[in-house]
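Start from the sequences, fold in the hints, and give me the full structure.
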Amino acid sequence: MKFKSTFIILLVTAIFLSCEEDVSFDFEHEPRLCLNCILNPDSAVITASLSLSKMLDTINEIKTVNDAEILLYEEENLLGRFSHAGNGKFKLNKVPVSGKTYRITVDSEEYGKISASTIVPNKPEITWSKDTVGYDQYNLLRYNLNVQIHDKQGKNNYWLFSTAISRGIKGGGGGGVVLNAPFADTFNRRYEIEEKYGFMHYYQIRLSDEGYDGQILDFIIPDLVPANEYRAKHILNASEHYDKYIKTSILYKLNEESDLPFNEPVQIYSNIENGFGIFGACSISTIVL
Amino acid sequence: MKRIIIFFLSIFPLWLNGQSKFTISGYITDSANGERLAGATVYNKSTGKGAAANAYGFFSLTEKEGLCNLSFRFVGFREYTVNLELKNDTFINIPLQKGIEIEEIEINAQRQVRGNPELSILNRQQVDMQMVESAPVILGEHDVLKTLQFMPGIKQGAENTAGYNVRGGSADQNLILLDGVPVYNVNHLMGFFSVFNTDAIKSAELIKGGIPARYGGRLSSVLDVTMKEGNLKESRGIFSISPVAGRITYESPIKMDTSAFIVSLRRTFLDLPMVAFQKLNGDNYNFDYYFYDLNAKANWKFNPENRLYLSFYTGTDKLFHNTKESKKDKSSYNYSWGNFTTVLRWNKMFSPKLFSNLALYYSRFNHRQTGKTKSDDLHTLFKTMTLLDDISFKADFDYYFQPQYTLRFGAKASHLIFNPNIIQLKSKNSDVSFNEENRSNAKQVEMYLENAFSFGWLALNLGSRVSGYFTGEKSYIHFQPRLAANLYFSPSFSASASFTQMTQNMHLLTNSSLGMPTDLWVASTDKIGPQLSKQVTVGLTYEPAPNYIFGIEGYYKIMNHVIRFDEGVAFLNPKESGWEENVLVGDGKAFGVEFLAEKQKGRLTGIFSYTLSRSERKFNELNQGNWFPFKYDRLHDISILAEYKLNKRYNTSRSISVGFTLQSGNNLSMPDTEIEGMLLPGTDFAEHPIPWQKKRFTYSNPNNLKMPAFHHLDIGYNITKQKNDSKSITWSFSVYNVYNRMNPWYYYKNQSGQVKQVSVFPIIPSVAFKYVF
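Going line by line, the protein sequences match chains A and B. At the far end of the first sequence sits residue 289, using the UniProt record's numbering, and the numbering has no gaps. At the far end of the second sequence sits residue 773, using the UniProt record's numbering, and the numbering has no gaps.
Treat the hints as calculated values from the structure; they're not laboratory data. Note that the coordinates shown come from a computational prediction; the quantities given were computed from them, not determined experimentally. Virtual Cβ for every residue (Gly too), placed ideally from N, Cα, C. One or more hints might be untrue.
Claimed, not checked - Which residues of chain A face chain B? A partial, calculated answer using Cβ under 10 Å:
1. Cys-19
2. His-29
3. Cys-37
4. Ser-53
5. Tyr-73
6. Tyr-135
7. Phe-161
8. Ile-169
9. Asp-185
10. Leu-251
11. Ile-284
12. Ile-287
Structure (structure tokens):
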């Protein structure tokens with residue numbers, strides 16, 4: 001009888017046992033080269049960062065790689081050899097040209113060879129104007145910024161982001177943005193019932209010319225207030241690979257911030273053969289407000 | 001041109017109609033209740049020819065004039081013999097009585113006389129409803145879909161969910177029919193229970209290879225579930241109860257031997273004590289969840305040539321949560337989803353050789369979510385709605401030219417209406433709707449032709465299906481040839497081969513395997529085309545004795561235009577963008593070998609199955625366009641389901657049942673690599689760059705992590721006391737996961753980055769009760 005009672009208690013307890021436990025995985029990880037390099041025709045120096053991938057959840061910092069040969073080819077002709085600038089950084093004093101194809105190769109005795117290619121996109125051709133729309137609840141003047149991107153034929157991937165100086169502090173890149181345009185990618189758009197259009201883009205806005213190829217992408221950035229120090233809006237035209245890298249990076253972050261279960265996880269995009277990282281290109285047009 | 005030639009080749013037997021003979025036709029039924037017995041056989045011992053009854057119990061056998069010694073059989077029923085002098089076309093109804101008898105020699109001779117003899121035992125698997133009833137289950141809820149998962153090549157998604165994956169396909173690639181009507185969401189309570197109430201089900205059959213041309217619309221399999229028809233002889237009922245739900249089923253003749261009906265209701269009652277507690281406690285909130293299923297069916301026999309069926313099913317899950325702080329300050333949240341299906345079928349026998357089934361059906365899946373908040377200065381409404389309506393008319397014909405040759409042909413026309421994820425947001429200042437542009441209609445027309453040959457040593461089914469799908473500005477026309485052959489080296493040993501080409505015009509958007517109500521069925525569009533597959537199988541079947549079957553089969557399947565959610569998409573994201581922007585289109589391949597050993601009769605019955613398989617996917621946008629393992633790619637899968645009947649004493653029968661599953665774990669993507677990151681554009685301008693941008697967490701390929709092996713042992717004990725001919729009581733005791741294996745259900749990372757494993761099903765004992773009257 002006593003056994004029966006004990007058995008029943010054990011059974012009932014088992015049912016209501018917490019079924020959550022900490023786990024760790026023994027991933028097999030072989031370090032691979034990670035190259036980050038973005039070409040920009042507005043910059044006279046090309047910078048490449050070289051490091052090693054490492055297994056997640058280890059306490060060591062990412063290790064930089066300094067003993068590698070990095071070569072850049074323009075239309076398959078050697079453009080130059082990067083010089084080592086310390087701490088995994090390599091530099092090359094060359095100016096990439098829009099429309100040309102570049103290939104980068106990295107040769108490390110210890111970690112092998114990696115390579116990647118990219119095409120430098122055209123600089124976005126933009127026009128813009130301001131419309132005063134009134135005053136807000138704090139009696140501050142507000143205006144809309146009307147922007148037109150004169151898209152060129154072919155696939156272009158635009159990103160809209162801001163930089164500003166406020167009270168002497170520089171800021172830029174992230175934050176939420178409100179914009180309602182049919183060509184604005186919705187991958188990072190979420191409901192925000194209190195926002196002007198009922199939604200907001202997180203971090204940056206991607207503008208796709210799919211369906212608008214060669215046309216004018218006309219949109220309004222609403223409800224801006226005059227800047228005291230410095231504020232700028234930038235339209236970046238990203239190469240195919242860089243575009244995917246930015247997108248997956250933002251998706252990954254949004255995923256991490258989400259407390260929802262069963263998210264589809266995100267693999268950070270890479271075009272580096274046999275390695276990680278990104279070799280891309282961009283051209284930027286800026287509106288200083 | 002090649003397709004046209006194949007099409008004409010496939011219909012050449014139309015011209016084979018030979019010399020005049022007489023036809024014996026009729027229906028084979030269960031003498032106890034008048035239910036028609038699909039798959040029952042008739043065998044002429046005089047000539048060695050035979051035929052199998054179709055899905056409506058109809059048979060047709062053409063013989064030369066003279067004496068016929070006919071034997072009618074069905075598993076679990078006594079043989080019925082008829083001797084007749086065949087002088088003209090003859091119509092007979094055959095009532096079979098339940099019982100056990102079978103002589104091995106005769107069975108061997110008749111083995112090839114069965115429904116779809118061209119399909120191997122592994123391509124066509126009949127679910128034994130008695131096995132479903134006796135299998136050990138979780139919380140006493142017997143489930144056809146869970147019993148099915150013991151079969152080779154059929155793997156469950158997450159533990160204890162009704163959703164299943166067949167031969168490396170995804171869950172949406174399974175066509176699930178209830179009385180011939182597609183059921184779009186077969187899950188209750190996150191998929192823990194299926195919508196099929198076993199008390200109302202007569203039979204279930206799954207075809208996963210060599211799929212005959214009469215079926216179409218999904219890539220991987222067809223599960224054909226048939227409801228009981230209603231007792232034509234006497235009123236009967238079933239009351240059953242488990243820790244989760246109660247069920248009541250009642251069937252009765254409306255007019256003896258002419259018309260009958262059946263009604264079956266299942267409802268969960270777990271919510272009742274919870275609601276009572278909340279009321280007694282005087283809480284200012286209430287929370288409730290329940291689900292129910294209601295099946296109803298009626299049939300009328302107007303005369304031997306005409307019979308009408310009307311079936312109806314509805315099932316709903318409902319969850320709500322209300323809070324009331326004061327009269328002016330309250331909020332509510334309602335969440336409901338469910339199916340509604342109805343079908344009107346007319347069985348018409350045009351002649352002893354031509355049988356038809358005409359059906360008009362309607363199937364709806366709906367999912368609604370409403371959140372309201374009301375206070376002094378705030379009124380908000382959040383509403384989402386998904387609706388899928390399928391209105392179809394179909395006509396199927398069986399023409400029995402010769403005992404060796406049956407022609408099946410038919411057509412179907414459907415009108416589909418999709419309203420996926422229509423969202424409304426309303427507040428004092430705004431009232432906006434999203435995804436209105438996702439509303440779409442589609443029209444689908446399908447035709448098929450099947451030539452079924454049975455020459456004794458060779459059974460062959462050569463057919464084709466043509467589907468036309470018209471949506472938006474685009475039309476998709478697909479020709480789908482089908483071939484299945486079974487070569488009998490001897491009555492007990494056969495080799496089979498098949499080729500199946502399938503098209504799927506609808507897609508299920510899901511990023512969990514849990515059968516979530518938020519899963520969206522969407523149409524193929526101008527941008528996203530239909531999914532396509534080709535499958536080849538080869539196999540061997542050996543039946544050394546009537547009770548034993550051994551089968552081995554290999555398959556190779558390629559899938560094109562399969563879709564999946566893009567990375568980073570979550571099924572609960574409050575995201576309002578069109579679904580087409582959130583999916584990736586790619587390819588899949590699956591291959592494997594399945595082994596089955598089955599003992600069908602005797603004190604010990606059961607199956608042993610083993611599958612060795614691979615399934616992979618490829619999307620241009622992922623993994624640099626390289627192949628990677630499918631989420632449910634499980635290399636090994638061993639399943640055992642067995643029942644041992646103990647000695648019967650004093651009208652009491654008892655049995656012990658055992659279920660065991662051992663599978664390789666599922667795959668999942670989990671970042672395992674840390675790399676240096678590039679700052680996002682503009683961030684490098686900032687004085688304080690955001691730390692997370694300096695590094696990225698990623699993985700070398702999707703589904704890089706193999707979860708631990710999944711296994712559990714379940715034991716059941718059933719006692720049935722037969723009170724009299726019509727009344728019995730059954731107690732079913734089950735222990736799920738006897739040795740308390742903590743199988744991972746899912747993983748997540750907490751705020752500190754620690755990975756947590758969540759297991760949902762520890763050892764769970766249960767008891768269920770069933771009263772048949």
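Each hint, compared with the structure:
1. Cys-19: 4 Å, holds
2. His-29: 6 Å, holds
3. Cys-37: 9 Å, holds
4. Ser-53: 5 Å, holds
5. Tyr-73: 21 Å, violated
6. Tyr-135: 18 Å, violated
7. Phe-161: 4 Å, holds
8. Ile-169: 6 Å, holds
9. Asp-185: With a minimum Cβ separation of about 8 Å from chain B (threshold 10 Å), the hint on Asp-185 of chain A holds.
10. Leu-251: Leu-251 of chain A check passes; min Cβ-Cβ to chain B is 3 Å, inside 10 Å.
11. Ile-284: Check passed: Cβ of Ile-284 of chain A comes within 8 Å of chain B, closer than 10 Å.
12. Ile-287: 13 Å, violated
Against the hints set out earlier in the document, violations occur for numbers 5, 6 and 12.
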